[in-house]
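Undergrad: Each chain, letter by letter, is given below.
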Amino acid sequence: MMKKEALIAGFAALLVLSGCGSQDKPASTQTAGNQSAAGGATKEASAPISGKLVFYTSQPEEDATKLTGAFNKKYPDVKVETFRSGTEEVAAKIQAENKAGKVQADVLLLADSVTFEGLKKQNLLLSYKSPQLDKIPKTLVDPDGMYSGTKVMATVLAVNTQKVKTPPTSWKALSSAESKGAAIMPSPLYSGAAAYNVGVLTRTDGFGWDFFKGLKDSGISVVQGNGAVLKAVAAGEKSYGMVVDYLVAREKAKGSPVEPVYPSEGVPVITEPIGIMKDTANDKAAKAFVDFVLSEDGQKLASDIGYTPIREGVQAPKGLKSLSEFKVISSDITKLTEAREADKKEFTQLFGQ
Amino acid sequence: MNTNPQTIQSKRDGVEAGAGLFFFLFAAAKKCALLLPVAVLALFFALPVVKLIVLSMQHDSGFTFAHYADLLQEPRTWKTLKDTAAIVIGSSLLAVILGAVTAWFVAYTDLKYKQALQMAILFSYMIPSYVLTISWTSLMGTQGPAAYLLHLVDPNAKPWSMYSYGGIIFMMGIHHFPLVYLLSVDVFRKVPRDLEWASRAGGAGKVKTFFLVTLPIALPGLAGGGLLAFLAGLDNFGIPAFLGIPAHISVLSTLIYEQIIGFGPSAFSKGAALSVVLVLFAAAGAMLQWLLVRKNNPFDAGVPDDSPRYFLGPYRTLVSLLLWGFLAVITVVPSLSMLAVSLKKAYGVPFTLPNLTLDHYQYILFESTKVWRSMQNSFLLAAVTLGICFAFGTWIAYVRVRRPSWLAKTAEIVIALPFTLPGIVFGLAMIFVWMEPVPGWNPGIYGSMQILFIAYVCRFLILQVRSGISAFMQIDVSMEEAAHIFGADRRRKWLRILLPLLAPGLLGGGILVFLTALTELTVSAILWSAGSQTIGVTVYGFEQAGDTMYSTALSSLVIALILAGMAVIYTLQKVQAKRGVRS
Numbered sequence: 001m002m003k004k005e006a007l008i009a010g011f012a013a014l015l016v017l018s019g020c021g022s023q024d025k026p027a028s029t030q031t032a033g034n035q036s037a038a039g040g041a042t043k044e045a046s047a048p049i050s051g052k053l054v055f056y057t058s059q060p061e062e063d064a065t066k067l068t069g070a071f072n073k074k075y076p077d078v079k080v081e082t083f084r085s086g087t088e089e090v091a092a093k094i095q096a097e098n099k100a101g102k103v104q105a106d107v108l109l110l111a112d113s114v115t116f117e118g119l120k121k122q123n124l125l126l127s128y129k130s131p132q133l134d135k136i137p138k139t140l141v142d143p144d145g146m147y148s149g150t151k152v153m154a155t156v157l158a159v160n161t162q163k164v165k166t167p168p169t170s171w172k173a174l175s176s177a178e179s180k181g182a183a184i185m186p187s188p189l190y191s192g193a194a195a196y197n198v199g200v201l202t203r204t205d206g207f208g209w210d211f212f213k214g215l216k217d218s219g220i221s222v223v224q225g226n227g228a229v230l231k232a233v234a235a236g237e238k239s240y241g242m243v244v245d246y247l248v249a250r251e252k253a254k255g256s257p258v259e260p261v262y263p264s265e266g267v268p269v270i271t272e273p274i275g276i277m278k279d280t281a282n283d284k285a286a287k288a289f290v291d292f293v294l295s296e297d298g299q300k301l302a303s304d305i306g307y308t309p310i311r312e313g314v315q316a317p318k319g320l321k322s323l324s325e326f327k328v329i330s331s332d333i334t335k336l337t338e339a340r341e342a343d344k345k346e347f348t349q350l351f352g353q
Numbered sequence: 001m002n003t004n005p006q007t008i009q010s011k012r013d014g015v016e017a018g019a020g021l022f023f024f025l026f027a028a029a030k031k032c033a034l035l036l037p038v039a040v041l042a043l044f045f046a047l048p049v050v051k052l053i054v055l056s057m058q059h060d061s062g063f064t065f066a067h068y069a070d071l072l073q074e075p076r077t078w079k080t081l082k083d084t085a086a087i088v089i090g091s092s093l094l095a096v097i098l099g100a101v102t103a104w105f106v107a108y109t110d111l112k113y114k115q116a117l118q119m120a121i122l123f124s125y126m127i128p129s130y131v132l133t134i135s136w137t138s139l140m141g142t143q144g145p146a147a148y149l150l151h152l153v154d155p156n157a158k159p160w161s162m163y164s165y166g167g168i169i170f171m172m173g174i175h176h177f178p179l180v181y182l183l184s185v186d187v188f189r190k191v192p193r194d195l196e197w198a199s200r201a202g203g204a205g206k207v208k209t210f211f212l213v214t215l216p217i218a219l220p221g222l223a224g225g226g227l228l229a230f231l232a233g234l235d236n237f238g239i240p241a242f243l244g245i246p247a248h249i250s251v252l253s254t255l256i257y258e259q260i261i262g263f264g265p266s267a268f269s270k271g272a273a274l275s276v277v278l279v280l281f282a283a284a285g286a287m288l289q290w291l292l293v294r295k296n297n298p299f300d301a302g303v304p305d306d307s308p309r310y311f312l313g314p315y316r317t318l319v320s321l322l323l324w325g326f327l328a329v330i331t332v333v334p335s336l337s338m339l340a341v342s343l344k345k346a347y348g349v350p351f352t353l354p355n356l357t358l359d360h361y362q363y364i365l366f367e368s369t370k371v372w373r374s375m376q377n378s379f380l381l382a383a384v385t386l387g388i389c390f391a392f393g394t395w396i397a398y399v400r401v402r403r404p405s406w407l408a409k410t411a412e413i414v415i416a417l418p419f420t421l422p423g424i425v426f427g428l429a430m431i432f433v434w435m436e437p438v439p440g441w442n443p444g445i446y447g448s449m450q451i452l453f454i455a456y457v458c459r460f461l462i463l464q465v466r467s468g469i470s471a472f473m474q475i476d477v478s479m480e481e482a483a484h485i486f487g488a489d490r491r492r493k494w495l496r497i498l499l500p501l502l503a504p505g506l507l508g509g510g511i512l513v514f515l516t517a518l519t520e521l522t523v524s525a526i527l528w529s530a531g532s533q534t535i536g537v538t539v540y541g542f543e544q545a546g547d548t549m550y551s552t553a554l555s556s557l558v559i560a561l562i563l564a565g566m567a568v569i570y571t572l573q574k575v576q577a578k579r580g581v582r583s
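One line per chain: the protein sequences are A and B, in this order. Once you know that position 237 of the first sequence is 237 in the working numbering, the rest is easy, because the numbers rise by one and skip nothing. Once you know that position 151 of the second sequence is 151 in the working numbering, the rest is easy, because the numbers rise by one and skip nothing.
Hints are not guaranteed to be accurate.
[Stated by the list, open to error] Beyond 10 Å from chain A on every Cβ pair, some chain B residues (computed):
| id | residue |
| --- | --- |
| 1 | R76 |
| 2 | W104 |
| 3 | D194 |
| 4 | H248 |
| 5 | I424 |
| 6 | E436 |
[What the hints assert, rightly or not] When the alpha-carbon atoms are kept at most 20 Å apart in a straight line, the in silico EDC-like pairs for lysine to aspartate or glutamate are as follows:
| id | chain 1 | residue 1 | chain 2 | residue 2 |
| --- | --- | --- | --- | --- |
| 7 | A | K345 | B | E74 |
| 8 | A | K163 | A | E259 |
| 9 | A | K278 | B | E74 |
Just so you know, these hints were derived from the structure itself, not from any lab. Yeah, the Cβ is synthetic: ideal placement off N, Cα and C, and Gly gets one too.
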């Protein structure tokens, strides 16, 4: 799972008071949620947006710092407090906070939409249809406005350029004779992105569980996360890996012998969605933050950092393909969410535990 | 002057009543003195576990055992339980053997450079387990150096796969054996020489003397260290996650993690139920340890004996070479491989001069503000945790050894619980307890650094308590009685008699607490907040962002700092010792 980081050292002085502040504003702000959905953009100009905003994310810390820094240039009065950890840790933390009384986060940005579907089901999210959504592909946004994708991360075939001379064009390369014992993938039991990939691929024509049986028969290694996959391929321990594209591009730019391949059948994508918690104490700032992430400025920032932006008209960074340049394989997200447990069990049984 | 007998009587009554009240208060205070620690233990250590138990039985409609029933019906749970038992017991045994052998050599023989040897042993506990695993898997990989060497002998030979039961047991064993070493080296030193002489004079050979005299006396240290290794093995997530997933081996800690991040409606409850199972496992380990040391009486040993008892003679060089070779293989090799990665321009490029750079160090030292911040935080956290654990843990160990009651024994188990739970579970339990200690009231402990102080002290207190217990079990109560007879008050007794005798053992525990707290990750990853990031969290962040070079650079830097710190302490000790001789 691609994870991330967050933490702004400059906010250190605030930390002692941070726990208490969030309860100052009671429920009155919550009802405003749905009304301002339509007119969010106009309100922005009239009332200055300020106060504390608690931001939970799984982005790498550097990226989160850049994002909140850019946001603060536009809204200097908002104090953003960031917690960053792995998607699993953040999700577990939110569940625990919910059980203990109240979720402390205002805005949430995590790796995949299935996590958000779960939160939506638990009725923990606030519906907000940002005016920026008209430039975001409809398929990557929740129809009820609970969350929206913020970037496009394709899972691609990474190859070690020293081991593989002719780059493959199909996912089938993973189960071919030459990749026997030389392929590696992240475990869906640990990585949300990997679980998503299993869900999508097993529901796609030409793949299904047979595809994964083929992988097992050719002795694919299953490891904890995307980072471990990339390292194994970069170090030449393995020749092929199923891994998120931007990691490959980053490592390649640094000089590692790796190359991302977008197979012709298409690639599953995760969108690192953003959403607002229902019990947010500062919905104005939360909405402004969501607007900013989806705006042209916010998307350009994402591209500068090294991600494929989701917004139409913003270029992908060098080494990565834009959304329009590759085929996306997807599946019904509600079904995926419902079937995730069953998928994991099936995977466990197939690969034997 | 008032001579009215009645007044006198009433005065007397008053005095008596006053005295009565005083004694009542005194008794109450004594009771309170007992109640207070009980309350503290209940609040800080037991409550998180109680909340877990409640959660494991929670259902939409009241209480249920359905989660347990579900789990127990799944064959995978049973396989996991068996695997956990095999791995944890196997790795504890390995740790005890390695720890006992190294401790015996350091305590008993005339090996050279013992201080350096001790540092090298601690080293393997300091290297983060993920670094240890990564370097070993690349060492033993199909294209690693081990394979290269094997191919020289037999081109078809394959190195032993680390992704196996044996691999996991081996990694845990070499990672946890310093726990056993630290708890037993001082115990070995205090084994009374005259008893061994007596045994030898009575006709028992060296080996028989070792098994009949030395080993039983050293048992508290070995069993205590073994218990710590057992608990640490139960809690360890990094090694089984890294090595077990590809081999389809799961243990309780990885299964719990899977359940919790599974995110389904019953995910938390199932995770909690499994955690309760894990707690039972830990309790069984503690019981076993009690049974082992139950009949053990403290010997009138007291003074640690630093001079060697066995002279290795012609074997001295050989033994030194073997020991250093072993330590080099298990610690120097992985740390060098970590250092090598931190110096490379990119992951996977060959280690040649044009590919080397110091840029990563420049970045973490001068460009990243969070690195310094996290170092300050971690050192502060580790120092405060050490201070609290040292005072509180020593006292608890004293009570546990001198006034063993069911209360003291229960306290020991309760204190062990937070250490045993997987980090993610303990972190979540801390949220349940501390976010709103009273429903509706959030005092702000959670969301600030305070929660980390509480969590660290709760989690690592057992390290100090255990080492304190092994230290106290070595000192006969007669020492204290002598102190009392000669009129020493409590303060003098502790400062002049007990602490100097106990110092080496207690310091060993202190070092463990400090080092463990300094590099803690799993709990901090859930509980940290803006401004309170720790070294572990920062390394984890780099690692997750794909910046392996930064994470290895930072880990190398931390290890270098710890080594420098140890070197300073060592030099200071030497200088002081010299002064002592002169004056």
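Undergrad: Compare the structure with each hint and give your call.
TA: Do the hints match the structure? See the list:
| no. | hint | verdict |
| --- | --- | --- |
| 1 | R76 | violated, 6 Å |
| 2 | W104 | holds, 38 Å |
| 3 | D194 | holds, 55 Å |
| 4 | H248 | violated, 5 Å |
| 5 | I424 | violated, 6 Å |
| 6 | E436 | violated, 4 Å |
| 7 | K345/A - E74/B | holds, 11 Å |
| 8 | K163/A - E259/A | holds, 11 Å |
| 9 | K278/A - E74/B | violated, 37 Å |
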